[in-house]
Structures are given as C-alpha cells and as structure tokens.
Amino acid sequence: MKIRNSLIILFSIVIIFTVGSISFLVFGVIIASNIDAELEDMTSKLNERGVQLQTLHSRANEDVVFALKNPKFVEYFELPETREGNVFENDVMQFTDNQREIKNDLEQWVFHFQNKFQVDETCLIDSTGQEHLRLVFQDIEVDEFLSSEEMGAPFFTPSFAQEVDEVYVQYPYFSPDSFRWVFAYTSPIVLNDGEKPAFYHFEMPVNIFQDIISIDHGRMYVIDPQEYLIADSAYSYPTKNISEEFEDYFPQSNSILQSTEFEKLQNQIKAKGSGNFQFVDEKGESQYIVFKKLSTFDWILVYQESESLMLSEFQTEYGSVFTTISLISVFVGIVSIIGIIIVSNKITKPIIELRNATKEAEYGTFESNIEIKGANELTELGVSFSKMFSSIKKTIELEKKLAVSEQKLKNERFAAIGELSARIAHDIRNPLNVIQAALENLSYSQNNPKVFEKSIKLCFKSVDRIAHQINNVMDFLRDSEIQSEENHLKEMIDGLISEMKIPDVIKINLPENNVVIQGDKIKLEALFSNLIINAVQKLEKNGIITIRISEKEKNTVQIEIEDNGKSIPDENLEKIFEPLFTTKQTGTGLGLASCKKIVEQHGGSISAKNNPTTFTILLPTGF
Amino acid sequence: MVNKQILLVDDDLDILEIFEMSLETLGYSVITATDGELGVEMYKKHKPCMVFSDIKMPKMDGYELFSTIHDLDPQSKIVFFTSNDNKIKTRDAKINGLLDIMHKPVKIKDFNNMIKKYNC
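Residue numbers (my numbering), protein chains in the order written: chain A, 1 to 623; chain B, 1 to 120.
None of the hints are false.
Partial selection, computed: residues in chain A whose CB lies under 8 Å from chain B:
| id | residue |
| --- | --- |
| 1 | 422 |
| 2 | 425 |
| 3 | 432 |
| 4 | 433 |
| 5 | 434 |
| 6 | 437 |
| 7 | 438 |
| 8 | 440 |
| 9 | 441 |
| 10 | 458 |
Derived pair list, reagent style DSS-like, types lysine-lysine, alpha-carbon separation capped at 30 Å:
| id | chain 1 | residue 1 | chain 2 | residue 2 |
| --- | --- | --- | --- | --- |
| 11 | A | 609 | B | 56 |
| 12 | A | 538 | B | 56 |
| 13 | B | 47 | B | 4 |
FYI, nobody ran anything at the bench for these hints, they're computed from the structure. Predicted model only: the values in this text are computed from it and were never measured. Ideal Cβ positions, reconstructed from N, Cα and C, are used throughout, including at glycine.
Please build the complete structure, drawing on both the sequences and the hints.
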C-alpha cells in the first residue's frame, strides 16, 4: 500500500479515536455537571415543598391552640352541671340553659373557625367519649346525633395525654362523618385545677396535604414507613367511593413506581433520611431522586425526575457542543489529509527519484544525476547515493582500465614469450646447424685431419653455446633461493676460466687478490661465467680480458671484468641489464639481466662503463 | 675444378667457419662477411658468383643487403640462409629477384646442390 494511503488511514483512525474519546469525555463532564445543577434545583424545590408541608401541620397546630384560647371552653366545663356529668334522656344528651348558651357561643366560634381555616369537622369530646358539639363542614350537629362512643377513636387517649397548648396529630384515618381520609388535630381543654374534662378535635383532609406536592416538572411523593404513598403528584387519589381501608386508599410505593431497584433503595432511603439516589427503572430509563424525612410521622418526601427530563433543558447546549466538535473534527480531518498528502509526497517523490536512479543502476548504468531538493535526511540520502554512483562509475572505469592494461600486459608478455622463443629457436638453430654440418664433414673427411679436428671442436663449442643459452633462460626464469656458503672468489674465477675453452687469441689477466664472500656458489659461478663468456664472445681477435678483485670499505668486495673490445653505446649502458635487451642478433638477451638478478639477490649492484669497457660488480662480503 | 666464388654473410662465426671449411673442401672458393655492411663491400670488391646471407644481422640485415646488392647488380644471385624470416618481406624480395631461401639447419649437401642449381 502506498505510504500516503497508509498514513491517511492511520491518521483517520487516530483522529476518529481522539475526537471520539474527547467528545465522550466532554459530554460526560457536561452531563454530569448539568445533572448536579439540576439535582440542586430539585433539592431546593423539595425543601420548599417540605417546608410547606411542615407549615401545614404547624399551622393546624396553631389553629387548634388559637381556637382553644376562647375562654368559653373552660367556662363551659367549669359549670357545675357539666362537672356533675352528662345527663341523658332517651339516649339524647340534655343540656341546661347555661350549658346551651355557652354551647351556642362555642358553635358560632367553631363555625367561623372552620370556614376560615378550611376545616372539615370539629368536635368537642369529653372524657367519657361524649361529643358535646360537632360541626361538619357548615352543619351544626343536633343533639340527637352527638356521638357517645368516641372513646374508640384512635386519637381519644393520646389527646388527654397532651398538656395545654399541646396538639396531638393523628395519623390519617378514614372519617366516618366526612367520608374522607383525614388528619386529626386534638388538644385538651385544661381547667384551672389541671383537670382535663375534654378535648378539642378537628379534622383536615389529606388531599390538602396531597395538593401541596403537585408538580408539573417531575414527580413528588410522600412515602410512609410502611412504604405506602401518602401523597403522589402522579397519582389521582379517588374522590368517590373512597375505601375505608388504608391499603386500598393509599397505594404501595412498589405498585406505582414498579422498579425492583427502587424496592432495594427504600431501605437505604429510610436509613439515610435525606439525600439523593440514582436508579434505573424497568423501562431502562435512568431516574434521579432527592428525598428528605419530614418531621411528622417519619414520612419521607421524594422528588423524582428522569435523566432525560433533567437534561431536556440543555438540549440546545448539547446541540451546539456537538456541532462545534463535528466542525472541528471535519476541519482537522481535511487539514490532516492535505498535510499528509503534502508530507507523503515530500517523502515519496525523492524515494521515487532514487528508485529511478537505482533502476538504471540495475542495468549497470550509473549516469543519472540524483538531486533531491530540501534539507532533510532524504537529501542526505540522495547525496550519499550520488557519491556512491560516482564511486561505482570510477571503480568500473578503473576496472576497465586495469583490464585493458592487464590485457596489454598479457599481450606484451605473450609477445615477450614469443620473442624469447623466437630468440631461443634462432640461437639453437645456428649451433645445431654447425653440429649437423660438422657431422656431415666427419662422415667424409677421415682423410682430412684438419677438417676432422675442426669439425669436432666446433661441435663441442656449439653444444656449449646451446647449453649456455638454455642455462641463461632457465636461470633467469627460475627464482631460486640463495644457498649461502663461503666462496673464495679468486679460486672460483680461476676455476671457471680453466674450464672454459677460450680461444688462444684472447688473453685473460687473472685476478691477483682473493676475497672471501658469503653467497650462493652456483649463482656466483653463473654470474661470472656469463660476464666472461660475453667478453670472450665480443672479442674477435687480439682481445685482452682483465679481471680484478678488490676489497672496499664496509665489507664490500668489487669485481671488475674489463675487455679492450668495442665500447657499449652510451645510451645502452643501463639498458643492457634489462631482460630481452640485446644488440647481438644471437643470444636471448637474458644474460645480463640474469647477472643483475643474481647480484641483487646477494645485496649487491652491477654497472657497466666504457673506456675501457668494464663491468663492475659490488657485493657484500656477508661478514 | 670450380672456382667461382661464394660469399657467405652471417654474424655467427661458427657458422661461417664450418661452412667455409666444408665448401672449400668441396672445392669452392669462399669469402665471408660478419654483417650486411661488410657483405656489400665484399660483393663490390669480389663480385662473387652467389651470395648466401643470414637475415638477422647487426648493422644491416639480410633484406637490406639483398636490396642494396640487387640495386647495384640486378644479375646478382642471392639466397637467404636463415633461421627465421618475415614472410611478407621474403615474398617481396622474391618478387624483386631473390633467388631462394634456405632455413637452418641446412646440410652441406643441400648447400652444394643450391650452388649447383644456380650454376656457380
């Protein structure tokens, strides 16, 4: 896959991942803070309603106390006839005129009171359980229907337990008179001597209580310790055919809320008293509740809102955040893609250029000029490649040159070998011819002793010549090691000369001195015989060869071989020691070269000069 | 007895010696030269019947000797007596009048026949 495309894919993944994570986090934070804000809001509303509910009770309490401030209540019960006890006739309570008078006053008092304070029913009940007065809504009860059996009422005994100005609040119960579920508030009438002959009692319907918590945003309800809903903004409590049973009128919190988790929460709510919780209902919706315990009856006021409801007012905010993030990511995406395309081009173009150059190089062409613009690693790479290519080019050229010169050398060597072979052939052919001719003579010249003798002599000479030439060649070609031993030079040279068949016309002046040197006997003999024979061959007639040995300083010996023959041309004085150089048309031209080689192997030097023609050899004595 | 002269030109003294001796034994009169220059001089001086010359010689080689002598005397009888030769030069020389060429080693017998062949 192209570099650019992989980069694009990689960057896209990174961007999507990053944007996604950031959005997730951002939204999470926003939502969390919104929920917190909303919970605070809910809590303050909860507290508001809580206060209202409390006020209800405290107001009712105050009302009772206020009502009882009327001194007529005490006056009534202070009456002797009242003290004496109730009088009945035909089961109907009888009142004296005094009693009746005060009773009427009291009834008027209560009538106004009920109107003003929205009270359903008010009773005055004595310690025997006898009602002395009762008002239901606006109806003043007649004597016949005043109840005598109020002792059974749940609030009866607790009422007498109160002191003056103390109000007992009765848990909601079904009022048989008003056919409604009501609260009852009672307070005793206390005489000056502390006796409590009766108590004042009024009822207030629970729907007042229930109405307080109506709310249109979310849901409020009150749970009692038995987990019944005393009030619920989302529940319509029946207004007709109201059941007398607690369990029928007040629904269970579970039946309405219908959440298994909520059931578990109930205990925690009861334990904690106030706070907030979050749970998930059966529909899978997230719900939040704030709650607080009321002072009356350990009831708990709860305010519930679903999460979506809580966040609904922030929809536009979310909308704009989402839009912003989308725009930003699209922008970043576009910029990234452009950036990637540019950068990857910057990378791939030079690479392609390099690739093109190397493609040519595959075929052995190193001509392309690599130039990568910029000032980065790729430019350096390009420079490196250029240098490498020119290096290779040079190497190739060098190799070519070497090959050419090697070929030339080979050719020269072959030519040299050819030349040498031609020379050897030539040099052997002549002596062979002499031998052949000599043999021919021998066969028919028995009678001519001079011819016979000369022929034999020439045979020997020819054999020597052939041997000499071959030795020269072999000596030159062979690169044998020096076998060092002591050599007495005068002895050696004298010996060589006596073995050579030197023509009488040539005179040899033997060396007078002797010097002993370390060296290879055979090579030294070859050296001297070569030089002497050269001299002999050069001189035709009346030649004198003089050989001198002298010791020089620093353990060096000098040997001179001088002849009075023709001079060596000056330009050749050094060339003669080069292999294959010869002015003679015979001879391999290796003789002097071999001599030089031998001399140098012993660590010495050889030179030639004219007037007279002299070969001078310098050798270390080796001592 | 034949006494027409034969000129031998060769830088190898032994060759000259053996052939001079052998040819004289056969009855020929032999003169010798050791190089091309001397060879030309000898020819001028003695006007021998036939010249036998080596090719590789100092001062003047065989080809030069041939052309010099032949220019001097177009009737000259010249034979090369050599161990190697330049084929092209030899061919040119033959075209120009070189009689023959003998490659060493040459038997005396063949030498003799060559001389007789060319009536010397």
